[in-house]
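**Q** One letter stands for each residue in the lines below.
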Amino acid sequence: MADTESNDAFVEFDRVQKSYDGEILVVKDLNLTMPRGEFLTMLGPSGSGKTTCLMMLAGFETATHGDIRLGGTSINNIPPHKRGIGMVFQNYALFPHMTIAENLSFPLEVRKMGKSDREAKIKRALDMVEMGAFGGRRPAQLSGGQQQRIALARALVFEPELVLMDEPLGALDKQLREKMQFEITNLAHNLGITTVYVTHDQTEALTMSDRVAVFDDGRIQQLDPPDTLYEEPQNSFVAQFIGENNTLEGVVKEINNGLALVELDDGELIDCKPVHESVKPGARTRVSIRPERVEYNKDRIQEGAHTLKAVVKEFIYMGDIFRTRLSVAGNDEFIIKTRNAPDVERLTPGQQIEVGWLPEDCRALDA
Amino acid sequence: MTDTSTQSGPMLAADGTPLKKSLARALRLQKMRALALIAPLLIFVLVSFVIPIGSMLFRSVENGSVAETLPLTVAELQNWDATSGELPDEALYAAFTTDMVAAIEAKKHTRLGSRLNYEHTGMSSLFRKSGRQIKKLDPAADAPFKDKIIDIDKKWGDVETWQVIKTHSVKYTNGYFLNAIDMQRTVEGAKAQPEDKQILIKLFQRTLFMSMVITVSCILLGYPVAWLLANLPARTANVLMILVLLPFWTSLLVRTSAWKVMLQQQGVINEVLVWLGIVADDARLVMINNQLGTIIAMTHILLPFMILPMYSVMQTIKPTYLRAAKSMGATNWTAFWRVYFPLSVPGIGAGSILVFILSIGYYITPEIVGGTKGVFISNRIAYHISSSLNWGLAAALGTILLAVVLVLYWAYDKIVGIDNVKLG
Numbered sequence: 040m041a042d043t044e045s046n047d048a049f050v051e052f053d054r055v056q057k058s059y060d061g062e063i064l065v066v067k068d069l070n071l072t073m074p075r076g077e078f079l080t081m082l083g084p085s086g087s088g089k090t091t092c093l094m095m096l097a098g099f100e101t102a103t104h105g106d107i108r109l110g111g112t113s114i115n116n117i118p119p120h121k122r123g124i125g126m127v128f129q130n131y132a133l134f135p136h137m138t139i140a141e142n143l144s145f146p147l148e149v150r151k152m153g154k155s156d157r158e159a160k161i162k163r164a165l166d167m168v169e170m171g172a173f174g175g176r177r178p179a180q181l182s183g184g185q186q187q188r189i190a191l192a193r194a195l196v197f198e199p200e201l202v203l204m205d206e207p208l209g210a211l212d213k214q215l216r217e218k219m220q221f222e223i224t225n226l227a228h229n230l231g232i233t234t235v236y237v238t239h240d241q242t243e244a245l246t247m248s249d250r251v252a253v254f255d256d257g258r259i260q261q262l263d264p265p266d267t268l269y270e271e272p273q274n275s276f277v278a279q280f281i282g283e284n285n286t287l288e289g290v291v292k293e294i295n296n297g298l299a300l301v302e303l304d305d306g307e308l309i310d311c312k313p314v315h316e317s318v319k320p321g322a323r324t325r326v327s328i329r330p331e332r333v334e335y336n337k338d339r340i341q342e343g344a345h346t347l348k349a350v351v352k353e354f355i356y357m358g359d360i361f362r363t364r365l366s367v368a369g370n371d372e373f374i375i376k377t378r379n380a381p382d383v384e385r386l387t388p389g390q391q392i393e394v395g396w397l398p399e400d401c402r403a404l405d406a
Numbered sequence: 448m449t450d451t452s453t454q455s456g457p458m459l460a461a462d463g464t465p466l467k468k469s470l471a472r473a474l475r476l477q478k479m480r481a482l483a484l485i486a487p488l489l490i491f492v493l494v495s496f497v498i499p500i501g502s503m504l505f506r507s508v509e510n511g512s513v514a515e516t517l518p519l520t521v522a523e524l525q526n527w528d529a530t531s532g533e534l535p536d537e538a539l540y541a542a543f544t545t546d547m548v549a550a551i552e553a554k555k556h557t558r559l560g561s562r563l564n565y566e567h568t569g570m571s572s573l574f575r576k577s578g579r580q581i582k583k584l585d586p587a588a589d590a591p592f593k594d595k596i597i598d599i600d601k602k603w604g605d606v607e608t609w610q611v612i613k614t615h616s617v618k619y620t621n622g623y624f625l626n627a628i629d630m631q632r633t634v635e636g637a638k639a640q641p642e643d644k645q646i647l648i649k650l651f652q653r654t655l656f657m658s659m660v661i662t663v664s665c666i667l668l669g670y671p672v673a674w675l676l677a678n679l680p681a682r683t684a685n686v687l688m689i690l691v692l693l694p695f696w697t698s699l700l701v702r703t704s705a706w707k708v709m710l711q712q713q714g715v716i717n718e719v720l721v722w723l724g725i726v727a728d729d730a731r732l733v734m735i736n737n738q739l740g741t742i743i744a745m746t747h748i749l750l751p752f753m754i755l756p757m758y759s760v761m762q763t764i765k766p767t768y769l770r771a772a773k774s775m776g777a778t779n780w781t782a783f784w785r786v787y788f789p790l791s792v793p794g795i796g797a798g799s800i801l802v803f804i805l806s807i808g809y810y811i812t813p814e815i816v817g818g819t820k821g822v823f824i825s826n827r828i829a830y831h832i833s834s835s836l837n838w839g840l841a842a843a844l845g846t847i848l849l850a851v852v853l854v855l856y857w858a859y860d861k862i863v864g865i866d867n868v869k870l871g
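Chains as they are written, first to last, in the numbering used here: chain A, 40 to 406; chain B, 448 to 871.
Chain A on its own, in the form it takes in the complex (with noise of 0.2 Å):
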């Protein structure tokens, strides 16, 4: 959103909008930017309308209103067959009466490629999600994971800029799932392919791409690169549908020196950082603090933390991590994580403790 305009534009929505029945608007007002080469994600709860923008992309969709133009050129009136964008379908999508090698070769039979080009390229596609030995089979014979594969080889046998995934891994069990991201980032990225990627999976999205673009109530909510999008969340909505997050409601009391001080519902005064443009003296907000930047253990709480009287309602032991619901200013869902090291207490229900985080952890946002 906050994006200039730039020279090496590839993919671009401009003031797009999207309605249905004329009534009620899908998409309201969506202006994204994408470079080339970029792996863009977008990430939404259903009904956010990620997906239409994506098929407004493909062009199975028409925008309402707003121009949607890739490599500079408004494609709004370009039937979705002369786009020259690959795709792959949630479903998969394979053809059912061909063979995977047929498959593959449909969209080289339709630009009328040769047919020795055309045993070359499918061959080359195969080999590069390594399928090669799969070509006289039928889709119905490979397993979900297998059918993922052809599918993406089909969407880049012929080398498309673009390629568009919705929700391609949806139907695979979850490490088959965490396999096929990392392949599919390594190879949109070894290809150098612009790829714009749809799920409502946060891990998938955190993981795989570049930037990721939340979407909500037909908006972009933020776009951003992980790390910023898990650390800075820009409104309450982003903070709650990425990762876990703790909220504390209150009213800002006033604003000194970049930090807020809030006045909770139960009285207590927190300091934060005041982030969305809503948080003035005088109006409610909600305050996140991520689980991990929670700390009880008094050795550990840093210097210049604010600190909160606690009871732990709930220990949970994870392996890796210990998870402690606790009661805190009168919110009984606070969690937080805690790294199982050997020196740290394990906490039992009933149990008062402190917890303390640093100011800058802890973010004012919209009510």
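The set of hints was computed from the structure by calculation and includes no laboratory data.
Check each hint, because a few of them may be wrong.
Pairs of lysine to any residue, SDA-like flavour, derived with a Cα cap of 20 Å [claimed, not checked]: (1) Lys-121/A / Phe-783/B; (2) Lys-765/B / Gly-209/A; (3) Lys-151/A / Trp-784/B.
Got chain A; can you put chain B on it based on the hints?
**A** Chain B only, in chain A's frame:
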């Protein structure tokens, strides 16, 4: 498990009986219960399907009446050389008289007459008329019979009459099947029927041809409708579905008669065309009582049988296939032809088999709107069942029809593969 795995020989259950036996015993009750559940259907299918078809197949070759009614004559005919051109000798006439007197007593001679009349016209009246005279003869006292019998009717002096009796005296005959394909059984073996009697082959050809035309028109008309049904929003599709099914809720007879009203020369279509000035009043289109009428009416009647299987197959074709094809650069037409159409072929196959098999045996519609040029083989079968009472020939025609359907089904399986037929 550990001790049984070391044993050689069959696996044993815990009590030492062979595992297979023990398993069979455990499942027996379940099997019996399952059988009892399907028993009503099984019995119904047997009674209403297997037995009638079996009896039809049997009737098409069964030919007991000559040998039953004239046992002595048939035995005596073995000694007579039918191709010699000479009349049989006195012994045969004597045997014939004995048989006939007994047959007349039992009133069986007229039935034999009608049976032989199928093969040779005039036999029925010959048996009926001669019966009254032969009754007066005494097989024990009135010998010799040859001249007396020929006196009663001079046809008994024709070599041909005896040839007919001899050719059809076998207990199981291929005669009906030969008749069904415009041939006849003669003393010299199978021969073609006289030209003016050859109509059945032509009828078979017409039936097959018209069924094919009907099937093709159903595909052409049904495909877009099925596509619409599968792709329109649910509410509109439901209305369209009702329109498709509407014919099912109307009597077949009413629908066919409606076509008569539409198509006849003083009918709706002709009147409109004349009124519009497209067709001259004295050159009204002939659209009924011919093949065109049958094809139009039957296409309409059988259309739902094509649309429904196509629709249920098309419903399973995900729209993402088309999107995928387009995203890879295929035009709308290529995407349809290379992706959608091949995936919808099983539906076309299922619909075609249904429509073709239904139309090949269709009876009412061709009977009402077909006139003489638009009737099917089934109308001929019905004629032989109810009017000429030649059930043997009707059975043979039916059997051939069944065989044709089975052959086509087999051919379809070879070419398209029956696995590719989907009803949903």
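**Q** A separate judgement is required for each hint: does it hold in the structure or not?
**A** Structure-based check of all given hints:
With a CA separation close to 16 Å, the supplied pair Lys-121/A and Phe-783/B stays within the 20 Å bound. With a C-alpha separation of about 17 Å, the suggested pair Lys-765/B and Gly-209/A falls inside the 20 Å cut-off, and the hint holds. Restraint check for Lys-151/A and Trp-784/B: satisfied, since their Cα atoms lie roughly 16 Å apart, inside the 20 Å limit.
This entry satisfies every hint, going by the numbered hints stated previously.
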